[in-house]
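> Spelled out from the first residue to the last, the chains are:
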Amino acid sequence: MTVLHEIAHSRAGDKGDRLNVSVIAYRAEDYTRLVEQVTVARIREMLADRNPGAIERYELPNLGALNFVIDAVLDGGVNASLDLDGHGKCLSYRILGMHLNPN
Amino acid sequence: MGEHMQSNLFRIGCGAGFGGDRLDAAVPVVDALVASGGPACLMFETLAERTLALSQLARRGGGVGYDPHLMDRLRPILGTCLQHGISIVGNFGAADPVGAAQAIDALAREIGARVPKIFVVSGDDLMVSPHRAEIDPTLQACLPAGALPLSANVYLGASQIRDALIAGADIVVTGRVADPALALGAVAAHFDWSFDNLDLIAAGTMAGHLLECGGQVTGGYFADPGMKDVPDLANLGFPIVEISADGAMVVTKPEGTGGCVNARTVKEQLLYEIHDPAAYLTPDVVLDLTSVSVKNLGQNRVALRGARGTRRPETLKATVCYDGGFIGEGGISYSGPGADARARLAIDILRGRLAPDLQMRAQTVSTQAQMTALFDDGPKRRIATSPAGSFDLTEIAEIQNDVRVHIAVRSTDRAEVAHAMHELGALYTCGPGGGGGVRSTIRSRLYTSSALIPRDLVDASCQEWSDAR
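Those protein sequences? They're chains A and B, same order as listed.
Residue numbers are given in the working numbering: position 29 of the first sequence equals residue 29, and the series is strictly consecutive.
The working numbering runs 103 ahead of the 1-based position in the second sequence.
Heads up, simulated DSS-like pairs for lysine-lysine below, C-alpha to C-alpha not over 27 Å straight-line:
1) B/K331 <-> A/K89
2) B/K420 <-> A/K89
3) B/K331 <-> A/K15
Output of the computed footprint for chain A on chain B, the stretches with three or more beta carbons under 8 Å from beta carbons of chain A:
4) 327-334
5) 364-373
6) 460-469
7) 542-550
Calculated from the structure, these hints are not laboratory results.
Because the structure is a prediction, the values reported are computed rather than measured.
Backbone N, C-alpha and C fix where the C-beta goes; we use that ideal spot for every residue, glycine too.
The task is simple: from the sequences and hints, build the whole structure.
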């Protein structure tokens, strides 16, 4: 079993109540695997306790990267949030904990 | 890159990427810009979404409405920048750009530098707009019923910054502008780029986007020991972009500083706070990153090209801040056998004491006993601390996890929040056994919302500041 953390790195950014999380393959040859396995449905599963709204995935083959835009996952945004991590900055690494199928 | 001609480069360094950023970061950046010998600019980005409302409140309370660290940031580098013709562009004016200009002028006199030519960009503050009556319905529409805006600032573009620099500004002080505009305005002034050349404006915007968070492109917000190791973050070097007239650029950092610049740091920052990567909206251009190439040149140099631009949006985005009541946060710790159960009990007790309709979040956070020292007692003796005291790590197996209860409550009624924090403290004597380390804070909250403002209702301008005003 591979953990996403072994083949990709990630960064989270917030704007209001919207989070973006990039998932970037360390090696170009792993990008396809990201596209196949790091799906909107999997991201939704991993953030289920935060009850996210719409999730959009953008593909950037030029960077070997995916960019997820996740709505309504920050409890109103950093100014309103009662979460310890109001920005959602920790969530990128939570996503890197995703287990991938053998490939 | 052979075509990246040294002689035709403009350099932009970044001295701060947010209001809380390190105060001494600009010093090695300025030294590197001076050493390069070429034309250069230093940018400071110190405004977050809610900073302006906080600045407005500070100003009303008799404090300064500009970046409270402005003098700390500029004092070490102002003289050098003026001496070597390195222009400074910053949104550190916040809610009071004129006040910031006055303070910078006074600082220059104090340190015996030449008197700088300071320009102030205005027009972002919609609260004092002559079109307020026309704008108000749009602002109100983005707020909940009954809420009043504390601040409303539109994100201006780069053209006023460019105009100020072309007019000879040493320092350009702005309030709210789009963060990348701080760099774009300087590049556009230097190369005399037309705002109609959308791919060039896109390149300057991309440069600004990479720079605007300071050390986040040079190894900050990046390190992951064992996977992404970064040297010497205690001495993190802030970024410099070398850009040429055709929009090709290299991201680098000063020699002798910590951190790193590689394709990974650059890709992470390139996508930071980006939504649709084909359409990043800015006041000056809609930036398309989908054809951008990132090439590692080694030695902390990364080349980028391929930014594309399409026509700027018809409207400007404004951030509107309004009063959001109060938030209280606090915690109490438990350790040793049964810590989890005692922590959960503490939460149950609090819920029993507080009004059932109070908005509250409670959670437990488990932490392994923290290693804190490995210093004077030889390599074998390592000390761990927990709320219960210090332990030799040889005994670490005996130490249970610490569990921290964290609670957060929000209300429009400050007294209700204060009561919740009081009840948290009362857990010392009325709660589970062994509870310690209560901390709590109360702060007023500011909500932000966004509105889109037609450009013809925004009067952006730049003016030279002078004592006469």
